[in-house]
Amino acid sequence: MGTSDTSTDGHLVLVVPVPQLEDFVLERTRHYDDSFVSTDAAFVHAHITLLAPWVVAPTAADLAVVAEVASRTSPVDFVLDEVGVFPDGTIYLGPDPAAPFASLTAALVAAFPQCPPYGGRFDPVPHLTVDHVAGGVTVGSTRSALGPTLPARCRAERISLQRYANHGCRTVAEWELGA
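Sequential numbering of the sequence shown, starting at 1, is according to full-length UniProt numbering.
Since the hints were made in silico from the structure, they are not lab data.
Note that the structure is a prediction, hence the values are computed from the model and not measured.
Built from N, CA and C at the ideal position, the CB exists for glycine as well.
Take these hints with a grain of salt, some might be off.
Unchecked claim - Here are the computed distance ranges between Cβ atoms for each label pair:
| hint | residue 1 | residue 2 | range |
| --- | --- | --- | --- |
| 1 | G135 | G84 | 16 to 22 Å |
| 2 | E27 | G140 | 15 to 21 Å |
| 3 | E68 | A134 | 39 to 45 Å |
Based on the sequences and whatever the hints tell you, model everything.
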């Protein structure tokens, strides 16, 4: 579960994949910027961010720390049903319960204090981004479009290290929770 990737194109993020919402998030990603649509079969566009941006060029020791955090964390069942909007217009689904995701973020921030969540611009709030208020998109229209997919009953089973870059989104490494 290591990587030798030291590319500086894009940035690395630690996420919990949410495959139950992949079709919806993938469609919205294509709508806004298809350069972020990954051809990597292991990559899941729908995710709950734990820590972003992460270190530029992770060492074996950095990867081992993430593996340790993942091993100490049990898989967790959660539901996505509550649609919210952040002040910047980002429309999201909040996981219930949110505490396990907040705990994972806190553990990763404690291990990597040089990587404050969102570069220190925002307090971390566990969420899955689904759209953005713009061009006729509203919280109501997003809720309606999500329709039969909600409530989404999900299970957090792994932490995924993903590289986000135009025409280069891919999974770099993954760690099973509780393994």
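Lying within 39 to 45 Å: is that true of the beta-carbon distance E68 to A134?
-> holds, 40 Å
Is the gap between the beta carbons of E27 and G140 within 15 to 21 Å?
-> At roughly 18 Å between Cβ atoms, G140 and E27 fall inside 15 to 21 Å, so the hint holds.
Could you say whether the range 16 to 22 Å given as a hint is met by the Cβ separation of G135 and G84?
-> Distance hint for G135, G84 holds at roughly 19 Å.
The structure fails none of the hints (numbered hints given earlier).
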